[in-house]
Amino acid sequence: MSLHLVPIRFRDAAAFVTMWHRHHRAPVGMIFAIGAADDAGVLHAVAIAGRPVARLLDNGQTLEVTRVATDGSRNAGSLLYGACRRAAFALGYTRLVTYTQNGETGASLRAAGWHVIAERPAHPGWNRPSRARESTGTEGIPRTLWEAS
12 MSLHLVPIRF RDAAAFVTMW HRHHRAPVGM IFAIGAADDA GVLHAVAIAG
62 RPVARLLDNG QTLEVTRVAT DGSRNAGSLL YGACRRAAFA LGYTRLVTYT
112 QNGETGASLR AAGWHVIAER PAHPGWNRPS RARESTGTEG IPRTLWEAS
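Read left to right, the sequence shown gives residues 12 to 160 (our numbering).
Here are the computed distance ranges between Cβ atoms for each label pair:
1. M12 <-> P140: 49 to 57 Å
2. V127 <-> M30: 22 to 30 Å
3. G124 <-> S13: 15 to 23 Å
Simulated from the structure, these hints should not be mistaken for laboratory data.
We put the beta carbon where it would ideally sit given N, CA and C, even for glycine.
Please build the complete structure, drawing on both the sequences and the hints.
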């Protein structure tokens with residue numbers, strides 16, 4: 012099966028993430044989204060890019076791929092990570108980052124030319140006594156920070 016890039020609306024990308032992502036809900040916003048579809052127009056994967064979640068990275072020049080979700084189609088992830096890299100730099104961003112959880116290989120990222128820049132320890136979560144937050148179910152998992160080059 013051959014996949015190609017397609018434009019996608021945020022609500023459709025978010026619905027795809029809700030259906031297919033292994034451990035995260037859809038993000039609340041985005042800068043852009045890209046889909047991967049087959050020749051019949053069936054959507055097999057989406058990528059959503061937005062402002063970095065980490066405050067210290069949110070400098071106006073950095074973008075983060077906040078979600079990539081696939082139905083398991085071969086090479087869909089690397090197709091989308093490469094497209095996000097090209098789009099972000101074409102839009103004038105100077106840095107593009109994303110994260111993987113401990114145990115994920117990052118094969119799609121490596122295939123698209125990304126590299127590891129840091130290993131992050133497990134985060135206890137966003138809930139604080141002064142600012143209550145719901146658990147997302149991904150707390151306590153170490154992450155790897157990747158950067159597109």
